[in-house]
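Asker: On the provided structure of chain A, position chain B as indicated by the hints.
Sequence order for the protein chains is A and B. If you're matching positions, the first sequence starts at 47 in the numbering used here and goes up one per residue. If you're matching positions, the second sequence starts at 9 in the numbering used here and goes up one per residue.
Keep in mind that the hints are not guaranteed to be accurate.
What the hints assert, rightly or not - With a cut-off of at most 30 Å between alpha-carbon atoms, the simulated DSSO-like pairs for lysine-lysine come out as follows:
(1) A:Lys-256 - B:Lys-61
(2) A:Lys-267 - A:Lys-286
(3) A:Lys-286 - A:Lys-382
(4) B:Lys-118 - A:Lys-253
These aren't lab readings, by the way, just hints derived from the structure by calculation.
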Amino acid sequence: MIEPNRKGEVWVFAEQEDGSLNEVALELCGKARELADRLGVEVGAVLPGAGVGHLGEHLIAHGADNVYLVDYEQLGHYQTGPYASVLCQLIERRRPQIVVFGATPLGRDLAPRVASQMRAGLTADCTDLEIADVTDPRTKTEHKNLLLQIRPAFGGNIIATIVNYDWWPQMATVREGVMAMQPADASRGGRILEEEVQLDGALAALKLIKRHVEPRTVNLKGARVIVAGGGGVGTKENFKLLYNLAGAIGGAVGASRAAVDSGLIGKEHQVGQTGTTVRPALYIAVGISGAIQHRAGMEESAKVVAINTDPDAPIFSVAHYGIVGDFRQVIPMMIKAIKERAKE
Amino acid sequence: MAYDSIVLVKQVPDTANVTADAMKEDGTVNRGALPAIFNPEDLHALEAALEVKERFGGTVTAITMGPPKAGEVLRACLFRGADRAILLTDRRAAGSDTLATSYILAQAVKTIGRYDFVFAGRQAIDGDTAQVGPQCAEKLGIPQITYLEEVVSLEGDRVRIRRTIGHGWEGVEARLPILATVIETANESRPPAARRVMRMKHARATVEIEGAVRNGMPDADDAARQAEVKKRAEALQQRGLLIEQWGLDAIGAAPARCGLSGSPTKVHRIQAIVLKKEGHTQVSATEEGVRDMVHELVVDRTLG
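Chain A extracted, bound-state conformation (with noise of 0.2 Å):
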């Protein structure tokens, strides 16, 4: 662990492969930033790669002032034991108060390495930061200006807050799609900063054998609005009614976990908890029971339609428009009543 360092900087891990940057690290420059002017502090980010430091540029864009650039050959393929290193050793020399990451398998595979050798407080998978004064109820100690850690936990059935005394830095894993993305700001300066590291080679314990991406084909994150099925749906042949909406409107099939679960559609359309947490501008959830895992994924939707035959649902406590009814029967004329539109 670090000494608390109030006017150590806000760090984002920028998370890359392939020379491309994971949207959610640019999701967390923009944080970052509002945590940073807060605290009155710059905003650091972290970028290890082979060859990356052209993607310098988009994190000041997107509200980095500094990028702390750790260009090796031997950081090309992201690899526990080498990333780990890099990071404990910049945090060590730069002492920032507070280190993201983006919850993503890689960042979650890294944070508690990096933690558990700072022995640092880290908490998984954050919905929501901001700062305030916390006062430790048992040595009524007042804290000024730390990370809250907002989480979901017990399964999503409560909130938790989570904070971090003095076992610095404080560092948090955060959800990917649940901060807004800033809009990319060309003018913004900032200055990318070539850094030194050790990498002894026993750091990779790990040999590649063979790596196999598979293209992202749903772009639920993207996309404006999202028609989503759950276990109501029933089968294959009624998910296409779904796609046919989505065409209508131009958006994109979600699922729930138990249309998942049950083969209907595949695992890269799943919304909530386990899947893609999405925020569009208008959400239709058919016949989805609204379990609070899937609700953790889309509640933020700008707006929500809600169709199921059970007047009950859960999901109707997130609705704005609730139908009661058969979505065999509502979404054809759905379909019909925005063709009408289009054509005045």
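Answerer: Relative to the frame of chain A, chain B by itself:
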């Protein structure tokens, strides 16, 4: 060549299936009313260890940290084929966050000494942090391989593992020992074996015997109870059914690094999610109702 595996398992409240019985009147969850279950992904970690044992020989040791009741998940491990089970229980461990928990588990693994694999579920459903596996690996100073899908091959001290990376997978090779976290699609976890259940259903840790004696002999004095506990424990020991029980001292854990004092993260506030009925516009399932709704969505620029 035979391989020795240690499996880290946890007993958790069944947060995934919150039924009406576990809901309080104010719409919040009554955590105490949730049934305690074997953390789902830990069953797959156990299965991965048992498969290594069956293919190559060796042993499987299950460890859990928790209150006396957590002995239940150790019996579930024994019923499925674990050779040895250890209950880590100590009041000073209560309130541990992931850092303190991983320190305690790593101390227990070091106390066992020789091992080739440590398997753990990717995450537990009460916290969903997925931090204890990697943090335990760091404390042990061994490589971690998260999100294990398959042990592809094992030759000498080299293991090849297929792991998921979210939008694909990778095959990696490592030298043993390693710690792997296992996901639910890795395997089908086996049911308890009837013959092992018959043989081991009475297996208990000392702290469980103490609880049974307290309940069974409410009027006896301490000395009488202690004598009874000793008698029962010895009887189980002779039949090989006494589950090992370790406290912090047995694993050389520094109390300052355990429990609340060893935990950097503090819970500042808990808010229950309330299932609230907020008003929404009821739309009739008719052409007219749907048309009006689409009209409103166009007017407020949600559509188009």
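Asker: Please go over all the hints and tell whether each is borne out by the structure.
Answerer: Do the hints match the structure? See the list:
1. Annotation: proposed proximity of Lys-256 of chain A to Lys-61 of chain B holds, straight-line Cα distance about 26 Å (limit 30 Å).
2. Note on Lys-267 of chain A and Lys-286 of chain A: the hinted pairing holds, with a Cα-Cα distance of about 21 Å set against a maximum of 30 Å.
3. A threshold of 30 Å between alpha carbons decides the hint, and for Lys-286 of chain A with Lys-382 of chain A the separation of about 16 Å falls inside it, so the pair holds.
4. The straight-line distance between the Cα atoms of Lys-118 of chain B and Lys-253 of chain A is roughly 26 Å, inside the 30 Å bound, and the hint therefore holds.
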